Amino acid sequence: MKGQHTRGVLRRRDVIKGAGAVAAGVAVTGFPAIAQNTSLKIGILTPKGGIAATAGENGLRGCQWAVERLNKAGGIAGRKVELVVEEETNAQQTIERFNKLVLQDKVDMVQGVVSTGVALALGPVVEDSKKLTIMWDGTTQDGVTEKLPDARYCFKSTDNECEAVMASLLAIKHFKGKFKTIAGINPDYSYGRNNWAAFKAILKRYGIEYEVVAEQWPKVGNMEVTSFVAALKAAKPDLIFSSLLFADLPVFMQQAHAAELTKSSLMVFPAAGWQHTSLKKAFTPENMLFGHNTLYFGHPNPTPLQKEFVDWYVGTHKDYPHWEADRAYFAMESYKTAVEAAHKAKGGWPSQDDVIDTLKSGIKVQSLGGPGWFRKDNIAEQTFIQGLTTHKNAYDFCTLSTFDTMTSDVLQKPAGADFWKWIETAKFPV
Amino acid sequence: MAAFAEIVLGGLFHAAVLFLVAAGLQLVFGVQKIVNLACGAFYALGAYVGASAAKWAIGVGLPTPLVLVVVLLAGLACAVIGPPLERVLRTVYDRDESFQLLLTFAFLLMFQDLFRIGWGANPQTTGSLFLSFGTLDLGLFKTPAYNVFVIAVAITVAAGLGWFLQRTNFGRLLRATAENRAMAEAVGVNARAMFSVVFTLGVALGTVGGALVVPASAASLDMAAELVVEAFAVVVIGGLGSISGALAGAVIVGLVRAAAIVFYAEAELLAIYAIVIAVLILRPAGLFGKEAV
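These protein sequence lines are chains A and B, in that order. Sequence positions in the first sequence follow the numbering used here and run 1 to 430. Sequence positions in the second sequence follow the numbering used here and run 1001 to 1293.
For the record, the hints were derived by calculation from the structure and aren't laboratory data. Since this is a predicted model, take the numbers as computed values, not measurements. Honestly, I wouldn't trust all of these hints.
[Unchecked claim] Just a sample of chain A residues kept apart from chain B, beta carbon distances all over 12 Å, derived: (1) I172; (2) V365; (3) T425.
[As the list claims (entries may be wrong)] Straight-line C-alpha distance at most 30 Å; calculated DSBU-like pairs for lysine-lysine: (4) A:K48 x A:K80; (5) A:K236 x A:K48; (6) B:K1055 x A:K318; (7) B:K1290 x B:K1055; (8) A:K360 x A:K130; (9) B:K1142 x A:K392; (10) B:K1055 x A:K280; (11) B:K1055 x A:K281; (12) A:K178 x B:K1142; (13) B:K1142 x A:K236; (14) A:K72 x A:K364; (15) A:K219 x B:K1290; (16) A:K48 x A:K173; (17) A:K72 x A:K236; (18) B:K1290 x A:K263; (19) A:K376 x A:K344; (20) A:K180 x B:K1055; (21) A:K106 x A:K147; (22) B:K1033 x A:K392; (23) A:K263 x B:K1055; (24) A:K147 x A:K48; (25) A:K281 x B:K1142; (26) B:K1055 x A:K48; (27) A:K376 x A:K41; (28) B:K1142 x A:K219; (29) A:K173 x A:K236; (30) A:K307 x A:K280; (31) A:K280 x B:K1033.
[Said to hold, decoys possible] Ranges of calculated distance between the beta carbons of each label pair, as one might list FRET restraints: (32) B:D1094 x A:P149: 52 to 62 Å; (33) B:F1164 x A:H317: 20 to 30 Å; (34) B:A1106 x A:T38: 19 to 29 Å.
From the three backbone atoms N, C-alpha and C, an ideal C-beta is built for every residue, glycine too.
Looking at chain A on its own, in the form it has when it is part of the complex:
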């Protein structure tokens, strides 16, 4: 729905009507009604096809729920929110759509972007355009190196390695002494390679002796994994570490189970949460270390916010949400909180710079999966959840029997730090 912008000459009667509306608006919402005359246009860039389509769908649902909810409560500082959704595809096309949102649709800000490959290319464009943008899951890291350390307008998600760092720490906590040989099967791009390298670096940091017996790099989107399973089985690893996260993960798990690989090896899967409902009990083992990133739908003590969202999601979509919904909610809630805080401080509608300064100040928000905020270098801090799987539940897929939560301030390198050096000296909670 496009917003209705009425332009024309003001008549005296209109001014009187407007004054009445202002008074009524202030009385109801606490914000001047003059701002309510125009909606806030927020551009959304989200994948609708390809390997990240599921994530995009989950994110968009989380975003739409957030908007529906905040619009019912009067909008952001009194202005209703209107979404303009564009598809995230490859970097070049997504940049064109970002420019379209900014120049043609004249959105007030932009949210979205799941792929770091896209975000890396889009980041400098965001800075050039000077349009506030909050990314759901995209970072501006080239490998593990931040390429936009002095960003002002571009707000990024947590570093991609957070879940690998957490899973490595928990693997040590739960499985120390139970493995000697390790194998990795990770997606063949920087995320998979960095996660595997981080796992090995953390084992080394803790002085755990290991021998790598296999390293597999399936191409992203590859659905035929029998040869990978056969190669892993031949290597006989005590522990398998995998950052598979797309639709290939349930296929791998099914084939691994049929080949009895899941019986013989410990499993550490930091990003499995993207496929949580597809990982059926029939083929997903118990006591597998399973990462849910920033949202675990089955939290035994959920906040009222998470409970409300999960109930809505299940009721509306007959499905269970994963972390992308939380990332999208976090982006919207961060913007809302920053605008309203800046509005209150200023006593009027804040400028974009006011909102950015508020976001950079580290203002905390309650997201679906836990608290989060932005650092001064525009990188998000969020709450991560991982644990061991169980079959003891009412679903046909695995949930967690035990779980740990960690905020990303202990899982990602500080601003300006080298990731690999940071691992050598960081104070970890395990």
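On the provided structure of chain A, position chain B as indicated by the hints.
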């Protein structure tokens, strides 16, 4: 020894999947001289419809073997899209090859959107159907019975196609039309009807293949484009238009890939395309293709 046998079996399973995609591609090119990029979309259609059929059949409580029959019949039923699509293709038979590529690629992209509209962005699976077939004890090792079944079906399809093309009257007519369309038409062969049947048969190979493999895999939006790339490696190695070539090419690609994954995973694609390049240099028409005169 057990590990080696398992790796070979893994390679043969991949070869079976590739053969089922490439066979339709070969058949259509062999007779109609059209490089059908949409073959991956037909495979994906079979997988999506097969996954839905499996969910329905499991939902109504059919026993596992009957579920599989329903899945395969659903894949076969998808071949009804063959004649109308072939009707559209007629517009480019006499035009430059680039139009044919463009049109079949358009089909591929359109199907991808139709899958998204019909099934959403989530990959579709058949739940635990794959596991309900159990494992097969081959002495040295155990392996998923369904993987062996897929390999067996691919071999049967290859043998059946060979018999059909070599031993039946219709097969002879097909080969005659492929060799010389004008001559075949001069002796009374209805080439237009022949093209429609061949294209539909090519579609059926893809859709049944997709339905067959989906229990061991998943139907996803990317699978159509993903498989087309590897299927082309198969046909280049085997020879464009040759069913025997599709079989040989698929086995070579499957086994080379399996070996690369074990010995040096980084070289998985490099190993396949090194063979493609070697074939293009040493035998440009492919192992079973006919040299241009």
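Tested hints:
Non-interface status of I172 (chain A) relative to chain B is upheld: no Cβ of that chain comes within 12 Å, the nearest being about 26 Å off. Every Cβ of chain B is farther than 12 Å from the Cβ of V365 (chain A); the closest lies at roughly 27 Å, confirming the non-interface assignment. Against the 12 Å criterion, T425 (chain A) stays outside the reach of chain B, whose nearest CB is about 31 Å from its own CB. Between K48 (chain A) and K80 (chain A) the CA atoms are separated by roughly 25 Å; this keeps the pair inside 30 Å, and the hint holds.
A hinted pair counts as satisfied when its Cα atoms are at most 30 Å apart, and K236 (chain A) with K48 (chain A) does not qualify at roughly 39 Å. Proposed proximity of K1055 (chain B) and K318 (chain A) is supported: the alpha carbons are some 16 Å apart, at most 30 Å. A C-alpha spacing of about 44 Å is found between K1290 (chain B) and K1055 (chain B), which places the hinted pair above 30 Å, so the restraint is violated. This hinted pair checks out: K360 (chain A) and K130 (chain A) have alpha carbons roughly 15 Å apart, not beyond 30 Å.
As the CA atoms of K1142 (chain B) and K392 (chain A) are separated by approximately 28 Å, the hinted pair is consistent with the 30 Å bound. This hinted pair checks out: K1055 (chain B) and K280 (chain A) have alpha carbons roughly 15 Å apart, not beyond 30 Å. A distance of roughly 17 Å separates the Cα atoms of K1055 (chain B) and K281 (chain A); the hinted pair therefore holds under the 30 Å criterion. Restraint check for K178 (chain A) and K1142 (chain B): satisfied, since their Cα atoms lie roughly 25 Å apart, inside the 30 Å limit.
Of the pairs offered as hints, the one joining K1142 (chain B) and K236 (chain A) holds, with about 15 Å between alpha carbons and a cut-off of 30 Å not exceeded. Taken as a hint, the K72 (chain A) and K364 (chain A) pair is honoured in the structure, with Cα atoms around 22 Å apart against an allowance of 30 Å. Restraint check for K219 (chain A) and K1290 (chain B): not satisfied, since their Cα atoms lie roughly 33 Å apart, outside the 30 Å limit. For the suggested pair K48 (chain A) and K173 (chain A), the alpha carbons sit about 38 Å apart, so the restraint of at most 30 Å is broken.
A hinted pair counts as satisfied when its Cα atoms are at most 30 Å apart, and K72 (chain A) with K236 (chain A) does not qualify at roughly 56 Å. About 50 Å separates the Cα atoms of K1290 (chain B) and K263 (chain A), which puts this hinted pair outside 30 Å; it is violated. As the CA atoms of K376 (chain A) and K344 (chain A) are separated by approximately 21 Å, the hinted pair is consistent with the 30 Å bound. With a C-alpha separation of about 41 Å, the suggested pair K180 (chain A) and K1055 (chain B) falls outside the 30 Å cut-off, and the hint is violated.
Our distance criterion of 30 Å between C-alpha atoms is met by K106 (chain A) and K147 (chain A), whose separation comes to about 27 Å. Simply put, K1033 (chain B) and K392 (chain A) have alpha-carbon atoms about 57 Å apart, too far for the 30 Å limit, and the pair is violated. Only pairs whose Cα atoms come within 30 Å are accepted, and K263 (chain A) paired with K1055 (chain B) is accepted, the gap being roughly 28 Å. Taking the CA atoms of K147 (chain A) and K48 (chain A), the gap is about 27 Å. The hint holds against a cut of 30 Å.
Distance check on the hinted pair: K281 (chain A) and K1142 (chain B) sit about 21 Å apart at the alpha-carbon level, within 30 Å; holds. Between the alpha carbons of K1055 (chain B) and K48 (chain A) the distance comes to roughly 24 Å, so the proposed pair stays at or under 30 Å and holds. At most 30 Å may separate the alpha-carbon atoms for a hinted pair to count; K376 (chain A) and K41 (chain A) meet this at roughly 25 Å. About 26 Å separates the Cα atoms of K1142 (chain B) and K219 (chain A), which keeps this hinted pair within 30 Å; it holds.
Taking the CA atoms of K173 (chain A) and K236 (chain A), the gap is about 22 Å. The hint holds against a cut of 30 Å. A threshold of 30 Å between alpha carbons decides the hint, and for K307 (chain A) with K280 (chain A) the separation of about 23 Å falls inside it, so the pair holds. Using a Cα cut-off of 30 Å, the hinted pair K280 (chain A) and K1033 (chain B) is violated, with the two alpha carbons roughly 45 Å apart. The hint said 52 to 62 Å for the Cβ distance between D1094 (chain B) and P149 (chain A), and at roughly 59 Å that hint holds.
One distance hint, 20 to 30 Å for the beta-carbon pair F1164 (chain B) and H317 (chain A), is violated here, with the actual separation near 46 Å. In this structure the supplied range 19 to 29 Å is violated for A1106 (chain B) paired with T38 (chain A), their Cβ-Cβ distance being about 41 Å.
Checked against the numbered hints given earlier, the structure breaks hints 5, 7, 15, 16, 17, 18, 20, 22, 31, 33 and 34 and satisfies all the rest.
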